[in-house]
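**Q** In case you want the letters, here they are:
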Amino acid sequence: MDLNTDSNFHHPHKKVFRAYRAGDDFYEALIEMHQGLSDEDSQRVNARLILLLANQIGDLSVLQQTMDAARKDL
Amino acid sequence: MFSTYKNPVYEYIKSPDQSADKAVHHPVIVVGAGPVGMGAAMDLGQYGNDVLVLDDNNTVSVGSRAICFSKRALEIFDRLGCAEPMIDKGVTWNVGKIFFRDELVTQFDLLPEAGHKMPAFINLQQYYLEEYMVDRLNQLETIETRWKNKVITVEQDDDIVSLTIDTPDGKYDLSCDWLIVADGANSDVRAMMGLESTGKVFKDRFLIADIVMKAGFPPERWFNFDPSYHRGQSTLLHRQSDDVWRLDFQLGWDKDPEEEKKPENIIPRVKAMMGDDVDFELEWASVYTFQCRRMQRFRQGRVLFTGDAAHQVSPFGARGANSGLQDTDNLIWKLKLVMQQKAPQQLLDTYCDEREFAADENIMNSTRSTDFITPKSAVSKYFRDATLELSKRFDFARKLTNSGRLSDTAVLLDSTLNTPDEDSFEGDMVPGTVMSDAPVVNQNAKQWLLNSLGNHFTCLIFVNSVDDLSLSELEAIDTLQREEIQLVPLIVVTEQALTTIDDIQILAETDGVSKQRFDALPGTTYLIRPDQHVCARWRSLDADKVRQSLLRATANL
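Residue numbers (our numbering), protein chains in the order written: chain R, 24 to 97; chain S, 12 to 568.
Treat the hints as calculated values from the structure; they're not laboratory data.
Note that this is a predicted model, so its numbers are computed, not measured.
The C-beta atom is built at its ideal place from N, Cα and C for all residues, glycine as well.
Please note that a few of the clues may not be correct.
Just the calculated beta-carbon pair ranges, DEER-fashion [what the hints assert, rightly or not]:
| no. | chain 1 | residue 1 | chain 2 | residue 2 | range |
| --- | --- | --- | --- | --- | --- |
| 1 | S | G286 | R | L83 | 18 to 28 Å |
| 2 | R | D96 | S | D288 | 45 to 55 Å |
| 3 | R | Q79 | S | N105 | 37 to 47 Å |
| 4 | R | Q88 | S | P386 | 22 to 32 Å |
| 5 | S | Q497 | R | K37 | 51 to 61 Å |
Covered by chain R, per the in silico footprint, the following chain S stretches (three or more residues, Cβ under 8 Å) [claimed, not checked]:
| no. | segment |
| --- | --- |
| 6 | 376-383 |
| 7 | 415-425 |
Assemble the whole structure, with the sequences as input and the hints as a guide.
**A** Below, the structure is given as structure tokens:
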């Protein structure tokens, strides 16, 4: 399976009317998750989050593509 | 400064009310002759209601201030009869470009489809917009505008609102049935009534510089994250009319606003952004901070708060004036029905419910933009920069990039004025949404669907041809025209050439646009509010159902 890089954020049971809305809902929740954390704790939370998301995806070929995309240009 | 515009001065004229023995009574008084107050006055005045407008100043906006006016605001201005000079003078734009560290990362087109009368946005200095609105006010005999009339006290009981007004000739008293407050973010009337607008203050400062220059840039919105000439901050470039360009610089909280406002400090910033060789003149500058906040309740008895007086947003997204006009669009038809005693006062509470919901959405969207533009912590800056880096390569990151979600309309899905769907429909024209415009033909002349609606409820009926209307449908159309609350049928035929029915407007489809936008199978019927919101829809016309929905939409059920 190819890595999906099109916008894919959506609410499972709610219709939203603006193309930006679901993505912005996610982004706000992501920043909110870090509210009040020290920089070090934020790093820990990010690491946990990546592991949880990786397990949710599961497909090693997709995961390898996300890692390559993330590492590119560094 | 101000080489391109000279503020008009509107004459203070002493009113006979000022010499009266006791307070002269007016049905409606509007406080504040800004875009929102004047919009409210026009909406009453052009349909025959007397209205008095009070303003403590005697001119239009000093400085360009709000410059982006949205499609929906223009549709409202069009209904109020003043959109044309705005569009003629304004700069029409649809495209926004976003740069990160000097590289174009993404661009958006706000109106990707044709078939709307109004453009997605125009840029027009607020003083021009207000001047055209004053011109329109002065055309309407029902509207009296009193300049240099400052409200200094407000009191109300169940039946009446009492005001004291200060003028160059001293104080006088007035009373009214309804007071519409549109006196801006620092509303004096709100303070006089001991009310608050609460929310969040953002710790950042922005410099606005309007410059006059002849430049070959296209009329696009250019937003720059972390540009080399203004490291760690953001800038915005946007064209207005008269070759005036709006430059916006994020400064940070620690900068001194008085220092930053000095031309000798602004000019180097402009040169850094535009290049040393660009010939320009500085027109106007201002340093601002902002808040996102709103009043708990927009209606306080007989006093109705609108626009910035009721709610305030950050400037990213042009959601201030544009949402204020949507307030009055929502309020005035309701107020008229209450004044005519065709609806209970509870209808005015739905103004609060609907527009407070919209205000929350505007505050949410503009807060999110602000948080993206000015990240508040190290981790949120990492995410912001990562989003911008990835947006060079990936669509999803382009969509997350947030330089301002430009003003759109709230979909009032949960409004108690809606009748829930009982039939199934495709598309976005759900109850609670502003109906879409579409090109139509009226007896061989091209016309727009929104222009075909009047200031009343409309029963919009789609059929293949007029000949397809059954006897019972014709009877239904006939009886609906006799409702106490004015309801006007409007028929859109999708296939056949025009036939006429007495007194009923019949429009023909153009290129299937309205058919597609309204998912209009033959027989499909929409009930449209005076503010052009869909409030009910069915797959066939049933007079009883339309009548019930009309009662619901006016809080009569």
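**Q** If you check each hint against the structure, which ones fail?
**A** Of the numbered hints, 1, 2 and 5 do not hold.
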